[in-house]
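Turn these sequences into a full structure, and let the hints guide you.
2 protein chains.
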Amino acid sequence: MQRVANCILRVNNQVLMLKKPRRGWYVVPGGKMEAGENIKDSVIREFKEETGLDIVDPELKGSFTFIMKEDNETVQEWMMFTFQTTSFQGELLEFSEEGELEWVDVNEVLDKPMAEGDRHIFKHILNSEDQIYGTFVYTTDFKLIDQDMDPSRPK
Amino acid sequence: MQRVANCILRVNNQVLMLKKPRRGWYVVPGGKMEAGENIKDSVIREFKEETGLDIVDPELKGSFTFIMKEDNETVQEWMMFTFQTTSFQGELLEFSEEGELEWVDVNEVLDKPMAEGDRHIFKHILNSEDQIYGTFVYTTDFKLIDQDMDPSRPK
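Protein sequences appear in the order of chains L and V. Going by the UniProt record's numbering, the first sequence opens with residue 1, and the numbers climb by one from there. Going by the UniProt record's numbering, the second sequence opens with residue 1, and the numbers climb by one from there.
It is possible that part of the hints are untrue.
[As the list claims (entries may be wrong)] Part of the chain L face toward chain V, derived, beta carbon under 8 Å:
# : residue
1 : E59
2 : T139
3 : T140
[What the hints assert, rightly or not] Anything over 12 Å on all C-beta distances counts as not near chain L; from chain V, calculated:
#  : residue
4  : R22
5  : W25
6  : V27
7  : G31
8  : F88
9  : S96
10 : L101
11 : K123
12 : T140
13 : L144
[What the hints assert, rightly or not] Below, simulated SDA-like cross-link-like pairs (lysine to any residue); rule was C-alpha separation at most 20 Å, straight line:
#  : chain 1 : residue 1 : chain 2 : residue 2
14 : L       : K32       : L       : E98
15 : V       : K48       : L       : K32
16 : L       : K48       : L       : G36
17 : L       : K32       : V       : R3
Hints were generated in silico from the structure; no laboratory data involved. Heads up, the beta-carbon is just placed ideally off N, CA and C, and yes, glycines get one too.
Below you can see the structure in the form of structure tokens.
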């Protein structure tokens, strides 16, 4: 099963995002866990690879299961672990192979084009101290057809 | 990849544990995640199946990667998500198919026979408010040969 770890780096009311070339959708930096890694080692390594930055003390804020369905059959399942931190070291890459890096004002994050489930996740994590858990069901062309978040909204 | 979710239920300075029949090792109730489940739904379902109890507001405290090695080759890898709560509803099963249920005084938990990695995990979670992350490497007969915890000890 594929597992992804990513991190919301939030500094001076801005979030470091990555605009992916394929759909122009915004994500936060991160990527696939490798065999034998734990989730924290993974998010630190991936964030560094994509941005050049060493995140400091990332804390897990959300744990999610994603399912992709076609004709009511599950064709893919993966997990995502979303961390958050306000602290980093190092210099931002001028060019990332994964897409365009961009500091986005916190109050503009939700206006960016992105996967619909990610919008729910950012809405929650950017407005709450809770840990959250969730399940998201997508079609193969990434339309969100079902979601279940716990807690269901930011307190 | 196998994924396990379990929960430390801590009430009146006691922890509900399960003594597994095979080795006589103590664990906290939990079990294998099912396809499509998120980790919180999974721990609630598994805890109920093994104990009869509905845990209330379990919070994720630890996320771990386990590797089993034979002749320096990885033969198995799995993840474990350990929650904690102090609240439950329902009546404890008199008999669990998974082993003997036992309320153990918090200060006696570490004296019980158990997997060596689990001892490190309980030592940390029972003495700290931190979330922890870790990697544990075992032989096929469950001798701990390497471990990496982050933070490395309870604050």
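Exercise. Tell me, which hint numbers fail for this structure?
Worked result: Violated hints (numbers, rising): 2, 3 and 15; every other hint is consistent with the structure.
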